[in-house]
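Trainee: Residues per chain, in single letters:
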Amino acid sequence: MSAILLDALRYLGYILIFPGFLFCFLTGLLLCGIDRKLVARMQKRVGPPILQPFYDFFKLCGKETIVPATVTSKTVFLLAPLVGLASLVVLQLFIPIFSFRAFGAVADVIVILYLLLIPAVSVIMGGSVTGSPYAGVGLSREMVTILACELPLVLVLLSVAKTVGNALDTGLCFSLTQIAAFQAKYGSLILRPSMIPAAIAFLLIIPGETGNHPFDAAEAETEICEGMLAEYSGAPLGVYKLNHAVKMLTMTSLFIALFFGGIGTGIEQLAAAMGLTGGAAGMVVILLDVLVMFLLCVLTTAVGISFVHAVTARLKIEQIFKYYWTVVSGLALISLVLSWYGF
Amino acid sequence: MSTEFVRHFPIFAIMLYFLGAFLIVMLGKVRALRHGIAFVATAGPLALLIALVKPIMIDGGIIAYWMGNRVPAGGYAIGIALEVDALGLFFGLLIATAVFVSCLYSFRYMERDDNVPQYYTLFLMLAGGVMGLVLSGDLFNMFIMVEILTFAAVALTAFRNRANGALEAAFKYLVVGCMGSTCILAGTILLYAQARTLNFAQLSALIPGNLGTSTKLAFALLFIGFSTKAFIVPFHPLAADAHGAAPASISVLISGVLTKSGIYGLIRLTYFLFQTMELGTMQFWLVFLGSVSMFVCVTMALAQHDFKRLLAFHSISQIGYVLTAVGLATGLGVSAGLYHAMNHTLFKGLLFLAAGAVLHETGTTDLNRLGGLAKKMPHTTALFLIGAASISGIPPFNGFASKWMIYQAAYQKAAETGNIGFALVTIIALVTSTLTLASFVKVSQSVFFGRLPKEYEKVQEVPFGMRFAMGILALLCILTGLFPGLVTKYLTEPAARAVFSVGTYINSMMGEGTIILQNPVVNFAQAGVWSPINWLFLLIIALLAITIVAISGKYDRVREMNAEKPEGKYDLFFGGEESVYSQVGGEDLFWGFKHNWRHYFGFMHELHSGVVNDYALWAVVALALAIVYATIVL
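Chains A and B, in that order, give the protein sequences. Just so we're aligned, residue 1 is where the first sequence starts under my numbering, counting upward by one. Just so we're aligned, residue 1 is where the second sequence starts under my numbering, counting upward by one.
There could be a bad hint or two in this list.
[As the list claims (entries may be wrong)] Computed list of lysine-lysine pairs in DSSO-like fashion (alpha-carbon distance at most 30 angstroms, straight line):
hint, chain 1, residue 1, chain 2, residue 2
1, B, LYS375, B, LYS489
2, A, LYS322, A, LYS241
3, A, LYS37, A, LYS316
4, B, LYS594, A, LYS322
5, A, LYS59, A, LYS44
6, B, LYS454, B, LYS376
7, B, LYS54, B, LYS489
8, A, LYS316, A, LYS241
9, B, LYS54, A, LYS74
10, A, LYS74, A, LYS241
11, A, LYS241, A, LYS59
12, A, LYS241, A, LYS63
13, B, LYS375, A, LYS63
14, B, LYS376, A, LYS74
15, B, LYS376, B, LYS489
16, A, LYS316, B, LYS216
17, B, LYS375, A, LYS241
18, A, LYS63, A, LYS74
19, B, LYS375, A, LYS74
20, B, LYS454, A, LYS74
21, A, LYS44, A, LYS185
22, A, LYS59, A, LYS74
23, A, LYS63, A, LYS37
24, A, LYS44, A, LYS316
[Unchecked claim] A few chain B residues that face chain A, going by a derived Cβ cut-off under 10 angstroms, partial list only:
hint, residue
25, ALA163
26, TYR192
27, GLN194
28, ALA195
29, ARG196
30, GLY371
31, LYS375
32, SER392
33, ILE394
34, SER433
35, ALA438
36, VAL522
37, ASN534
38, LEU543
39, PHE590
40, TRP591
Everything labelled a hint here was simulated from the structure, so no lab data went into it. For clarity, every value in this text was computed on a predicted model and none was experimentally measured. Cβ coordinates follow ideal geometry from the N, Cα and C atoms, glycine included.
Bound conformation, chain A alone (with noise of 0.2 angstroms):
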């Protein structure tokens, strides 16, 4: 009975402590002001304080939650936002960090599409029920933006399963556990030439994925005022805004999954070197990982969104379709035929 109870109690830990909730919303936040700090300085400005997201956050939620007298479902546009961040955090649950993972056996790499859809649909719910005109903009193009989005993100994901598949002789290989176990014991797949393609393609995606520039049509604050979150304010907004770090977080961790994962173990070894065994060599191992994920996520922050950000102006919406349908769905298209023939 005391096993099943101390089952429960660590599930619950992953949950709500790490990776799940207080993880997510302290390096998500972490990452977003990062990010914000570093586009201000790509374009010579002071900018914010890195801590300014946390600042945010807290002042929304001291404020008034309004709803206008146009919401058609009062519930579903106070849900909304949370049902996108719970979906967040459980989705984060199932990214492995290098060697830690808490649940395995719950959902692998097309689950995870799907997973991803949760988020973005309900933000358009919730802006769909305002029955505000820049809602409605904005959800169009939020919802093109996911459709432009989705096709490169097949072919990455199907690629990365073919090339696994390959080498585990089974054929393909959706399971993300089964993914790093691969990548810990034959290195990290970015260093198959075959998989770079696929790596720039899915870099290119994050920003799209999470709504920065230059794919930040649906939100474009000048000019449809932030579109699905115009009739938003007070706790609901700073939970979307939650949302979009959170999503930066998991994008970002998913891509160190998918393209790093050999990374770990170097950090075994490391932990190993230094003579450490038992449960302390485990904590110590998760440490690192953790920290060294963390690391790797600013630095892909830093890459595939802050510079993206501080050198490019927003494109259009049929622009952001026309560009993900041929450059970055070429580029993948270009790693899914060469895993096909063996490569």
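Here the structure of chain A is known, so what remains is to put chain B in place on it, guided by the hints.
Mentor: Only chain B this time, still in chain A's reference frame:
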């Protein structure tokens, strides 16, 4: 229950529908009596078929039932036979469920119409026709049932004949549907001339290995005949017209039951009668047709601005998924296809009923005119959202479970055969799924959310009876999504195994030892992991935790505010227009997508002329192509 007793259940299931139809003609003038008869006639077959789950699905038996006990003599099957294996029972269960729910819904939905007794008569004839088709063990009886269901469906399409376009839709359906039925009849005649028997099992034993030119011609004719019943490309425009005009409860039957009968026919034709599915070319043919239907119809749906026409195109798109999966000819593929067929019946039924509820209360299904109904019809909205999430494949609803299996099956097939074409199919299927989501975002935005037009301010929630029927389907959508393991174990895998056991099918009908065919080893192994219950559990805990944190942080300290009413200065302006005029219409919602695909959409627009002559021509061309293909590859 003894097996002797259970053997009579299939014929009773068929008879109850027809008996109900005739009783309603005689006694249907009285409302209570009419409803009572219709209820018994639809609930009875469902109960009978559920009772058959144990002996057939779980114990793996096959019921061979000879009318008048005319068993085969001298190796020739003369009598009329019913043969119920796991595949037939699977489709029978789908049909009985859809018919039952649709009947419950009809009680309130149809009460404002004229000639209601005739409606129930035709309704039960249609149901009986489809049930007879899937339980029959005889090719000619299949044709008769096809005729019954086609004419009942045509008449029901035109039932609201004062509505705009109902007669036109029925006429189109009649023309092309009859071409299909004629094809089936011609194919049957050709096979009879060759094999001197109409019994399915005996034909399956005789035909493979003895293919003459006329047998190949028969294959092409039967293939096109059943394709028209499944409405796959190029027969999809008929479905759109028929669904748009028919009452919603009939749309449920057309999409959930009629198209399934077409798919059932195709499975019987390719896996049993001709046993051609081992041919790579045949697999290619089915997968190609399925993928084309899947993609063409989802893009057609994106261009629609009528709720029911949009659903109709999605219906064909989902049938495309089923056909693709079945065409893969692997254990997992067939199991996934049947799973999706079941899910399609459930969620598409739910969506059509929701569309019917909107029509019932507002009198229109035009997406450009509706909006904001969530405020007036909260329950219908919630039920619609469940259906929409299911069809778009949002986890953990049922559409996701089956689509996920289809992706895996297609990609596994690609890995096994080394054919990159099947990988392309996986990609098309995944993109189609997202396009489906886009389409339902459009519906939810332009019907249930968005702004409520002035003229619909007095709209009310639909009666409880209609919501109850929708609720049953919604519950089934959730349950089949949450327990994919149970569904595959008890329903789709036995049915898929039956698809691959032609030998057993023939022998149980014609007597042991008629044919020696080893059943292939059927592999249901999956490459991925997905346990919806665990995921849902995690989600609920996370959601609870977040909600508690949010509420303790005064998340619900809410003030409702009307920033618009007092005077114009608070009004929203968008693009220089007042907000009332600046809503994006349902048609143009995904402008960014459609702009990039404008040449494709322009091409499609010109192609779908709406003239029945064109569609009949397509059918002829399809038949010609099928004949050429069959003579070359078989």
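Trainee: Tell me, which hint numbers fail for this structure?
Mentor: Structure breaks hints 1, 9, 15, 16, 21, 25, 26, 27, 28, 29 and 36.
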